[in-house]
Amino acid sequence: MKKVYLMVGLALVVTGCAGPNPYVYKAPVEDRSRTPQSSEPGTVVPVDPVPGVKVTPIGGAPVIRAQREEEDKPVQIQAPVEQVVSQPQSPAVIALLETARQDSSSGNLRTAQNRLERALRIAPRDPEVYIQLADVQRRQGQFLQAEQVALKGVSVAAGQKNPLRRLWSLIADIRQEAGNAAGAAEARQKAAAY
Amino acid sequence: MLRWLFKLGLVLTVILAVGLIYLDAQVRSKFEGKRWAVPAKVYARPLELYPGQNLSRDELRQELKGLNYRFVRSADQPGAVEWASSRARIHTRGFNFPDGEEPARNMLLTFSGSTLSDIRDAEGRRLPLVRLEPMLIGGIYPKSNEDRDLIKLEEAPPHLAQALVAVEDRRFYEHWGVSFKGIARAMWVNMRAGRFVQGGSTLTQQLIKNFYLTSDRTLSRKLLELPMAMLLELHYDKDEILEAYLNEVYLGQSGNRAIHGFGLASQYYFARPVQELELDQVALLAGMVKGPSWYDPRRHPERALERRNLVLKMLRDQGQISQAEYDDARQRTLGVVKQRSLHKGAFPAYLDLVKRKLREEYRDEDLSTEGLRVFTALDPLVQTRAEAALETSIQGLEKRYGQKAQGLEASMVVTDPQTGEVLALIGGRETRYQGFNRALDALRPIGSLVKPAVYLAALEKGYTLNTLLEDEPFSVKLPDGSLWQPQNFDHRSHGLVPLHRSLALSYNQSTARLGMEVGLERVIDMLERLGAERELKAYPSLLLGAQSLSPLELASIYQTIAANGFRMPLRVIRRVTDAEGEELSRYPFTLKQQVKPEVVHLLQYALQEAGREGTARSAYSVLPQNLNLAGKTGTSNDQRDSWFAGFTGDRLAVVWLGRDDNSQLPFTGSGGALRVWTEFMRREEPEPFIATRPAGVEYVWIDETTGLRSDERCEGSRLLPFLMGTAPEEKVDCGLDNPVRRSLDWFRNWFN
Chain A
1 MKKVYLMVGL ALVVTGCAGP NPYVYKAPVE DRSRTPQSSE PGTVVPVDPV
51 PGVKVTPIGG APVIRAQREE EDKPVQIQAP VEQVVSQPQS PAVIALLETA
101 RQDSSSGNLR TAQNRLERAL RIAPRDPEVY IQLADVQRRQ GQFLQAEQVA
151 LKGVSVAAGQ KNPLRRLWSL IADIRQEAGN AAGAAEARQK AAAY
Chain B
1 MLRWLFKLGL VLTVILAVGL IYLDAQVRSK FEGKRWAVPA KVYARPLELY
51 PGQNLSRDEL RQELKGLNYR FVRSADQPGA VEWASSRARI HTRGFNFPDG
101 EEPARNMLLT FSGSTLSDIR DAEGRRLPLV RLEPMLIGGI YPKSNEDRDL
151 IKLEEAPPHL AQALVAVEDR RFYEHWGVSF KGIARAMWVN MRAGRFVQGG
201 STLTQQLIKN FYLTSDRTLS RKLLELPMAM LLELHYDKDE ILEAYLNEVY
251 LGQSGNRAIH GFGLASQYYF ARPVQELELD QVALLAGMVK GPSWYDPRRH
301 PERALERRNL VLKMLRDQGQ ISQAEYDDAR QRTLGVVKQR SLHKGAFPAY
351 LDLVKRKLRE EYRDEDLSTE GLRVFTALDP LVQTRAEAAL ETSIQGLEKR
401 YGQKAQGLEA SMVVTDPQTG EVLALIGGRE TRYQGFNRAL DALRPIGSLV
451 KPAVYLAALE KGYTLNTLLE DEPFSVKLPD GSLWQPQNFD HRSHGLVPLH
501 RSLALSYNQS TARLGMEVGL ERVIDMLERL GAERELKAYP SLLLGAQSLS
551 PLELASIYQT IAANGFRMPL RVIRRVTDAE GEELSRYPFT LKQQVKPEVV
601 HLLQYALQEA GREGTARSAY SVLPQNLNLA GKTGTSNDQR DSWFAGFTGD
651 RLAVVWLGRD DNSQLPFTGS GGALRVWTEF MRREEPEPFI ATRPAGVEYV
701 WIDETTGLRS DERCEGSRLL PFLMGTAPEE KVDCGLDNPV RRSLDWFRNW
751 FN
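Protein chains in written order, with the UniProt record's numbering: chain A, 1 to 194; chain B, 1 to 752.
Since the hints were derived computationally from the structure, they do not count as laboratory data. Mixed in with the good hints, there may be bad ones.
[As the list claims (entries may be wrong)] With a Cα cut of at most 30 Å, we get these calculated DSS-like pairs of lysine-lysine:
| id | chain 1 | residue 1 | chain 2 | residue 2 |
| --- | --- | --- | --- | --- |
| 1 | B | K357 | B | K477 |
| 2 | B | K477 | B | K65 |
| 3 | B | K477 | B | K461 |
| 4 | B | K596 | A | K190 |
| 5 | B | K355 | A | K161 |
| 6 | B | K592 | B | K357 |
| 7 | B | K461 | B | K357 |
| 8 | B | K731 | A | K73 |
| 9 | B | K592 | A | K190 |
| 10 | B | K537 | B | K592 |
| 11 | A | K161 | B | K596 |
| 12 | B | K65 | B | K41 |
| 13 | B | K731 | B | K596 |
| 14 | B | K238 | A | K190 |
| 15 | B | K290 | B | K30 |
| 16 | B | K461 | B | K338 |
| 17 | B | K7 | B | K41 |
| 18 | B | K238 | B | K290 |
[As the list claims (entries may be wrong)] Selected chain B positions facing chain A (in silico; Cβ < 10 Å):
| id | residue |
| --- | --- |
| 19 | S112 |
| 20 | M191 |
| 21 | T590 |
[Unchecked claim] Here are a few chain A residues that sit away from chain B, every Cβ distance over 12 Å (derived from the structure):
| id | residue |
| --- | --- |
| 22 | V63 |
| 23 | R101 |
| 24 | S106 |
| 25 | Q113 |
| 26 | R118 |
| 27 | E128 |
| 28 | A157 |
| 29 | D173 |
| 30 | A178 |
| 31 | A181 |
| 32 | A193 |
Note that beta-carbon positions come from the ideal geometry of N, C-alpha and C, so glycine has one too.
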């Protein structure tokens, strides 16, 4: 194994030295132009060779870069937010979730749904709201909507293990009830990963 | 002869009896059936109040003003507020919502900064969540233009019934519908005057007259009125008759709308519900029954005042009120609010959209007569800020461009990207004018606002943000033989550019090439999945936004992007109930995943880059750095349309500026519409956009010029999101793995 590393390293150094100037790099381009496909009537026929998307080839000369100075901070567009610090639920949301739970356990599913939609407007980033809303829709037999709401919950809960596990097992239940055994198994597997 | 007379008498009796039975049936059917055509009422969203809520005192104040709360020293009755520097005591009116009654509350609100920190009820208990009553934003009127706001007798303020009886029919509680004394007196007066001046009608007769008969003062009508009044009294008790009277009586005219009943009259003259009327106001309304236009307090205040005081005097003389109450009420001014066109005017564009949605499900007749209640998502606070932002920005543009910016028109749609609700809508510069609704009906070429769909289709097909695109001259032969040769805005080509940058800087040539490579069908399919519903024409120029869409359609498309690929039909109406509060239709929260959240995450990156470094970067000269706005500027061909569509955490707005005659503008999307958008967001102070990393996405440092893998510590690197496994393998070398370079580094530092 070590030998392989050594070989690759050596090869890189050699190719690096072979380049004209390691600090002035020009990306080699690959021409991927192709002949136009047979056109259906009414479709567009490009006159030029179809614009190719230039791809930097794999392999080739190593690219040398200087190191960043301390004060030279890179641009941050969208920091990879790993986990939204789940904010403590507001008393308003706690109250709505609690009464919705009571409504739904006494069978008032529509009332529960109303409350959960109210909660959603106040706390649209709280996975708990999606879990309960999807469950109420599941109990109303609205499996398609229930699954979609739970999937939206997954997208809201990104990075939060516990809600993700519960959401995926809820999705498994929904799919099971809707007769999608394969989908259910897949969801269960995802739940187990958290 | 006697037998003949007897027969005649018999026949007459039978005719009379048949007539009476007929009248009786008439009287009863009208009184028991639906008595009035009641227009549908359209409400804004109710303002929810909860501790920890981001709500400034000014916003709350504006909401309360909109609900016609009275700002007083001591809030001792519903509809009143005590306003202090960091607190407010609000005595709410309560409201019967379709999902439950919100009781009237006397509550104390405490603010810290622009946060509502605490809510307590009159006993000092903490309240987790309360709702104010929703603002009435409009009605849907029948052709007769009769409008009324039904009230129950027990809701009427004290003294209203007494005052009415006192001035209109003193013996109401004793007679059987007809007062012969009254008729005799009227006849005496009429004879003395030599003409018809006084009717001597009881309240019952007046009700009959308005309810069943025409308003001609003829003898035959009078003859019909008497038996009908007596029949009405036979079937119904005094309170039922009085309640009907309270709701039937005509009390004024607002433009072509007739104001009927004390419920609506109370709103019309005093801008408050009838329950909250004070003695002097009750006396004025009761006095006006005799002649609503003669005693119109707005046109003839002296006459009205004199009439009011006469009513007060009668109440005192009859012992209904004390001398002290009389003295207090008498010295008050009329207290009539300035005339506003009641129920309508403030939100015509939004109301227009509501009506269109309602007509998909309800007949016009039901809408204007059944007293339906329509609960919408309109947020009057957001609407006000949108209007103010538009006005300020357009004034700025006019100042800057002078003549060239004359005759600008505008439209705007604001939604909540988390729920898909439409919060505000502007259909034109004159926001009070109910005219051409540009947000819905102005179809304009969308320019670069189409690009996110092109890039999303590409990303879904396997391109990465890092793929290098060629921004070079390019032409396509169209079926008609002509050439399509897109130009960049700066008339230059930029060579190889990474995909994310091409979108952020809105390059046309690279986008057109990309779109052709991805395929028009895929781009169209993507637009349709995102929310476009109209037929899209598969011309190459579609890739640069030749397709025309309305601002509302664009909002629907961007909504899906903001919601991580979940499409939510834009919601305007939350619920419709009948007059009793029974639910007729609901428009629940629905969504459908159209694009994988992982792929949308990549696009969201590029749209944020447009804000940080691209065509929308001017927004950050005004907005806070942590907002992470994501959006796209758009300018149509020849600069006829200026667009911006973008979102933050909880607000999405699409802005269009242009002219109705389609002439050229002196600014682009970023010079015009983006300014409006920025000004709106500045006022709105929305939540920042937070893109959480989906499980299938990894972030990798990339060397910007080559697109190779790099490192945070290497110059020219940038952190880019990739779908798992699609990031490049090959790395640039900045000496991190090489101890020699590292030692060189400190060597270099030593010399610097």
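Status of the hints after comparison with the structure:
1. B/K357 <-> B/K477: Given that 30 Å is the threshold and the Cα spacing comes to 43 Å, the pair is violated.
2. B/K477 <-> B/K65: 61 Å, violated
3. B/K477 <-> B/K461: 25 Å, holds
4. B/K596 <-> A/K190: At roughly 16 Å apart (the allowed maximum being 30 Å), A/K190 and B/K596 satisfy the hint.
5. B/K355 <-> A/K161: 45 Å, violated
6. B/K592 <-> B/K357: 21 Å, holds
7. B/K461 <-> B/K357: 36 Å, violated
8. B/K731 <-> A/K73: The given pair, whose Cα atoms are some 20 Å apart, holds under the 30 Å limit.
9. B/K592 <-> A/K190: Given pair B/K592, A/K190 holds - Cα atoms ~20 Å apart, limit 30 Å.
10. B/K537 <-> B/K592: 25 Å, holds
11. A/K161 <-> B/K596: 20 Å, holds
12. B/K65 <-> B/K41: At roughly 19 Å apart (the allowed maximum being 30 Å), B/K41 and B/K65 satisfy the hint.
13. B/K731 <-> B/K596: The hint holds at about 29 Å.
14. B/K238 <-> A/K190: 71 Å, violated
15. B/K290 <-> B/K30: 24 Å, holds
16. B/K461 <-> B/K338: Since the Cα atoms of B/K461 and B/K338 sit roughly 62 Å apart, the hinted pair is violated (cutoff 30 Å).
17. B/K7 <-> B/K41: Violated, at roughly 58 Å.
18. B/K238 <-> B/K290: Since the Cα atoms of B/K238 and B/K290 sit roughly 21 Å apart, the hinted pair holds (cutoff 30 Å).
19. S112: 15 Å, violated
20. M191: 66 Å, violated
21. T590: For B/T590, the interface hint holds, since the closest Cβ of chain A sits about 6 Å away, which is under 10 Å.
22. V63: 4 Å, violated
23. R101: The assertion about A/R101 holds, with a minimum of 15 Å to chain B.
24. S106: 15 Å, holds
25. Q113: Given that some Cβ of chain B is not farther than 12 Å from that of A/Q113, nearest at about 7 Å, it is violated.
26. R118: Check fails; 7 Å does not lie beyond 12 Å.
27. E128: At roughly 15 Å from the nearest Cβ of chain B, A/E128 sits farther out than 12 Å, so the non-interface label holds.
28. A157: 8 Å, violated
29. D173: 18 Å, holds
30. A178: 15 Å, holds
31. A181: 21 Å, holds
32. A193: 9 Å, violated
Hint compliance for this structure: hints 1, 2, 5, 7, 14, 16, 17, 19, 20, 22, 25, 26, 28, 32 are broken, all remaining hints hold.
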